[in-house]
Amino acid sequence: DSGVTQTPKHLITATGQRVTLRCSPRSGDLSVYWYQQSLDQGLQFLIQYYNGEERAKGNILERFSAQQFPDLHSELNLSSLELGDSALYFCASSAGTENYEQYFGPGTRLTVT
Amino acid sequence: GQQVMQIPQYQHVQEGEDFTTYCNSSTTLSNIQWYKQRPGGHPVFLIQLVKSGEVKKQKRLTFQFGEAKKNSSLHITATQTTDVGTYFCAGRAISSGSARQLTFGSGTQLTVLP
Chain A
1 DSGVTQTPKH LITATGQRVT LRCSPRSGDL SVYWYQQSLD QGLQFLIQYY
51 NGEERAKGNI LERFSAQQFP DLHSELNLSS LELGDSALYF CASSAGTENY
101 EQYFGPGTRL TVT
Chain B
1 GQQVMQIPQY QHVQEGEDFT TYCNSSTTLS NIQWYKQRPG GHPVFLIQLV
51 KSGEVKKQKR LTFQFGEAKK NSSLHITATQ TTDVGTYFCA GRAISSGSAR
101 QLTFGSGTQL TVLP
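Listed in order, the protein sequences are those of chains A and B. Residues 1 to 113 (our numbering) are what the first sequence spells out, left to right. Residues 1 to 114 (our numbering) are what the second sequence spells out, left to right.
For the record, the hints were derived by calculation from the structure and aren't laboratory data. Treat the hints with care, as some may be off.
Cross-link-like lysine-lysine pairs, in silico, DSS-like; alpha carbons within 27 Å at most [unchecked claim]:
id: 1; chain 1: B; residue 1: 36; chain 2: A; residue 2: 57
id: 2; chain 1: B; residue 1: 59; chain 2: B; residue 2: 36
id: 3; chain 1: B; residue 1: 70; chain 2: B; residue 2: 57
id: 4; chain 1: B; residue 1: 59; chain 2: B; residue 2: 70
id: 5; chain 1: B; residue 1: 70; chain 2: B; residue 2: 36
id: 6; chain 1: A; residue 1: 57; chain 2: B; residue 2: 70
id: 7; chain 1: B; residue 1: 36; chain 2: B; residue 2: 57
id: 8; chain 1: B; residue 1: 59; chain 2: A; residue 2: 9
id: 9; chain 1: B; residue 1: 51; chain 2: B; residue 2: 70
Covered by chain A, per the in silico footprint, the following chain B stretches (three or more residues, Cβ under 8 Å) [said to hold, decoys possible]:
id: 10; stretch: 19 to 33
id: 11; stretch: 43 to 57
Looking from chain A toward chain B, a few residues come up when the C-beta cut is under 8 Å (computed) [unchecked claim]:
id: 12; residue: 42
id: 13; residue: 43
id: 14; residue: 56
id: 15; residue: 58
id: 16; residue: 64
id: 17; residue: 90
id: 18; residue: 98
id: 19; residue: 99
id: 20; residue: 101
id: 21; residue: 102
id: 22; residue: 103
id: 23; residue: 104
id: 24; residue: 105
id: 25; residue: 106
id: 26; residue: 107
All values reported here derive from a predicted model rather than from experimental measurement. Glycine included, C-beta positions come from ideal geometry on N, C-alpha and C.
I would like the entire structure built from these sequences, with the hints used as guidance.
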């Protein structure tokens with residue numbers, strides 16, 4: 001158990017819909033990262049927050065947005081969903097920003113039908 | 001943008017054989033991390049290398065960071081069935097534009113045959 005929690009575990013929704021994925025980092029960690037992992041694909045970095053502020057942005061679509069709240073939990077919002085958005089979405093946390101190991105949550109499996 | 005390539009994509013070995021995965025970056029890295037993801041699981045941090053030419057060992061696992069800080073390798077001696085999983089390298093570019101982003105390689109999926 002990494003100490004990072006993600007909800008829900010599974011999500012099935014239809015194209016065009018909007019969903020919110022939630023992540024609670026390990027106690028004391030200030031950084032939260034979001035990754036997308038499609039079937040047989042590597043981990044695609046989406047976005048990073050550090051202590052409530054956006055720190056780095058990867059290949060995140062405009063239909064996707066995220067935020068980190070004062071209690072440090074984070075939410076990833078995916079809208080106008082397409083079939084290609086079906087993937088495993090991981091949240092990770094770390095104590096700091098650049099030279100810290102990342103602890104991954106169990107992931108949310110999103111299926112868009 | 002920064003690219004991190006990993007080879008091979010798949011590797012099947014007999015239990016007891018050695019295994020090596022290689023990671024190559026298109027840009028010089030400030031550090032490199034290695035993660036392992038078991039089937040159906042999430043990535044788990046293994047190690048971080050920071051210095052040029054650095055070598056670190058964890059029991060049967062040996063990690064190397066190239067002299068030019070553009071490549072790295074993970075070698076497993078005498079594989080066991082517990083080594084099954086996908087091994088990812090993840091590098092952070094030294095250039096300021098993408099310094100904060102950790103770029104993951106595509107991973108090497110290891111199968112160990114008993």
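Evaluated hints:
no., hint, in the structure
1, B:36 - A:57, "24 Å, holds"
2, B:59 - B:36, "15 Å, holds"
3, B:70 - B:57, "20 Å, holds"
4, B:59 - B:70, "25 Å, holds"
5, B:70 - B:36, "20 Å, holds"
6, A:57 - B:70, "23 Å, holds"
7, B:36 - B:57, "15 Å, holds"
8, B:59 - A:9, "34 Å, violated"
9, B:51 - B:70, "11 Å, holds"
10, 19 to 33, "holds (count 3)"
11, 43 to 57, "holds (count 5)"
12, 42, "4 Å, holds"
13, 43, "4 Å, holds"
14, 56, "4 Å, holds"
15, 58, "6 Å, holds"
16, 64, "16 Å, violated"
17, 90, "6 Å, holds"
18, 98, "6 Å, holds"
19, 99, "6 Å, holds"
20, 101, "4 Å, holds"
21, 102, "6 Å, holds"
22, 103, "7 Å, holds"
23, 104, "4 Å, holds"
24, 105, "6 Å, holds"
25, 106, "6 Å, holds"
26, 107, "6 Å, holds"
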